[in-house]
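The hints should help you fit chain L onto chain A, whose structure is shown.
Quick mapping for you: the protein sequence lines, in order, are chains A and L. Anchor point for the first sequence: position 300 equals 284 in my numbering, and the numbering is continuous, going up by one each time. To convert, take the position in the second sequence, counting from 1, and add 148; that gives my numbering.
Heads up, a few of these hints could be off.
[Stated by the list, open to error] Label pairs and their computed distance ranges (CB to CB):
no., chain 1, residue 1, chain 2, residue 2, range
1, L, Ser275, A, Asp168, 49 to 55 Å
2, L, Arg262, A, Thr6, 30 to 36 Å
3, A, Arg222, L, Asp181, 23 to 29 Å
4, L, Thr152, A, Asp274, 38 to 44 Å
5, L, Glu289, A, Pro18, 23 to 29 Å
6, L, Ala302, A, Ala164, 57 to 63 Å
7, L, Gly177, A, Gln131, 37 to 43 Å
8, L, Asn151, A, Pro5, 36 to 42 Å
Bear in mind the hints are in silico, worked out from the structure with no lab data behind them. Using N, Cα and C, we set each Cβ at its ideal position, and we do this for glycine too.
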Amino acid sequence: MNCREFQKYVGAFADGELDTPTNLAALEHLNMCPDCAGRVTHVQGLKRALARVFGREPVPLVLAERVRDRIRSGAAEGEAPVAATAAESAGAMLDATSRRTGRTTRRRTWLWLPLATAAAVAAAVSLWRNWPTAEPLRGAATLALGQWAADVASVHERCSAMGPRHHDVTIAKDCDAIAATLSDRLGFKVIAPDLTGDGFELVGAEACGLPGRRGGHVLYRQPQTGEWLSVFSVEPIREIERRCASSCKGVICAPATRQPLHAGCRGTLMAVGWSMPSASYVLCAPRSEDELLALAAPLRARQIAVADRARGHVSGPVRFAIKTQPDPAPR
Amino acid sequence: MGNTRAKRFEEIALPHLDAVHRMARRLSGGTSDAEDLVQETFARAFRAFDEFELREYGAKPWLLRILHNVFYTHAAKSRREPTLLDDVDFDRFADELDESAAGSGGPRDVAWDRFDQEIKWAVEGLSPEYRSVLLLWALEELSYKEIAHVCGCAIGTVMSRLYRARQLVGRALREYAEQRKLSTERFEP
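Excised from the complex, chain L in its bound form:
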């Protein structure tokens, strides 16, 4: 019975080990912490396996949601204080859009492959909330609904976080480009 359950769990969950590991590395910022997070995630998922509804979202968002909670539980324990993020509702965040950016010539044709290391630094400099939404969007290609499920927030919050995260990465890349005396007008959306 136990072996059958474990086998079925392995079939459904283990194909997503790479996705969970990738996110764990990006969230924790360290290899050994990431490994602990991954192990804890799969152990919790296995315990909760009988409650899992494959039809609702699929195994990957389910595992990533568990990882998300494991990470924040550990982070809250170590910090002993809640995370404060200046979230803005999607209906209001457009009010904060940069007028000048909206009116100016937009960015085009950035040679992204010249900035791999800078992109890494920029993403690692984001707060975990922005980082996780950005990577769930880009790496795991989850829909906004799935990202909202993973992060436990509203779709509007996902959209505003994504916008902010892209903006922050753009600003960081702009700074790197300025340091390297490259053209800086193309990084921010």
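Extracted from the complex, chain A is given alone in its bound form:
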């Protein structure tokens, strides 16, 4: 074996992947060639360096929880194993055999399509009847009205009707102090974001939570339009956790009610929720889904970054995608 031949096998030699005769020939060459011995050292060094550089990334706690939730919700919903899907997910899509299996999957899908369509139409009609004055829902993230959203709407209505009286005198007046005080009092992380950049002024905070759940409620108001916005940090809401686990955005959005509740609330009251391991968080305001998602996204991203840092997970700078849309015109 000469240097040129050895170079062909250097990686396989370093990894112990050569067959016995080639390995013996390679060893024989190495005994005579310090340059090729250096090449083996180089490959081994690169391998160790790659393992060191990329091997220090612990899994974010939130992700592990989400994967578990998704498995459990799949099991609870009786997610049945399907032979064709198994073949597809086992990776056979790229070869000819699995392309045949893939066609079988598509044929089965087409058989079920009319039934699935009928079920979807029936569900939509049922929702429409139970919610007679509903406006058309926008976006895939919008889900049917859930109990959590109704609870959020009722507390938002009650507290915003009280206005500044909602403020608990025992709680400090700035956002950071409110978050710290309520977090200490409740035993989990309460958020009280500074939303002045989004046009909302802090009105007050209360440890009022939601029906059946302890939590903090921070109330904001937009001076120009008189709109109220609520930020809830409450004990984990199972429905939000489950829905977020199966949502690619990690955030869910639901209409809380469509009726104007009082002078400050106009249009559809929307709620956006997401979950962290110790608590669930909800934003509620008479704003569109997109606007609320734009407000919620940086809050959630910041929480995830903080949680990751706490676990020693070093991530890149978090980019906040804040949508800068003008406020919608009053109806």
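Chain L alone, transformed into the frame defined by chain A:
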């Protein structure tokens, strides 16, 4: 029944969550995309769990293969065109070896720990095909046969991709070293 299946799946699959997450991060290049990839991988794996043969390759290559396919399915959807990679069969790729490199003094004793950030940049600059083979080899320490299983290609292709990937990383590090006015003769294999 469903709970027992889920529990068994968790026992077998979840110990490899870190490996799947690591590869997903490196393939996608972003935290949120990686999380979506990981969730989709485990959801698909759970659906296909009854078909899984533990004896053949073990759970880690199986999960990584699903991740690989999820990633390429998403990538193909977003690009709407097939990936083109100039793969060379192992029997032919040696013909392309750099004559001068083969004849010159080989690299030795690189102080790799001084180039952590540069190594990251160099690997992130590779095409996903080279990146995945390189990381499956170095991080997950899979055998060539297992890497071939994960990537759905021949062992010879794995060997040629690995060689090329190492060569490209070496060239990139050489360029960084030149920029920093360091010695450049030791980076390429």
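Evaluation of the provided hints:
no., hint, in the structure
1, L/Ser275 to A/Asp168: 49 to 55 Å, "51 Å, holds"
2, L/Arg262 to A/Thr6: 30 to 36 Å, "34 Å, holds"
3, A/Arg222 to L/Asp181: 23 to 29 Å, "27 Å, holds"
4, L/Thr152 to A/Asp274: 38 to 44 Å, "42 Å, holds"
5, L/Glu289 to A/Pro18: 23 to 29 Å, "27 Å, holds"
6, L/Ala302 to A/Ala164: 57 to 63 Å, "60 Å, holds"
7, L/Gly177 to A/Gln131: 37 to 43 Å, "39 Å, holds"
8, L/Asn151 to A/Pro5: 36 to 42 Å, "53 Å, violated"
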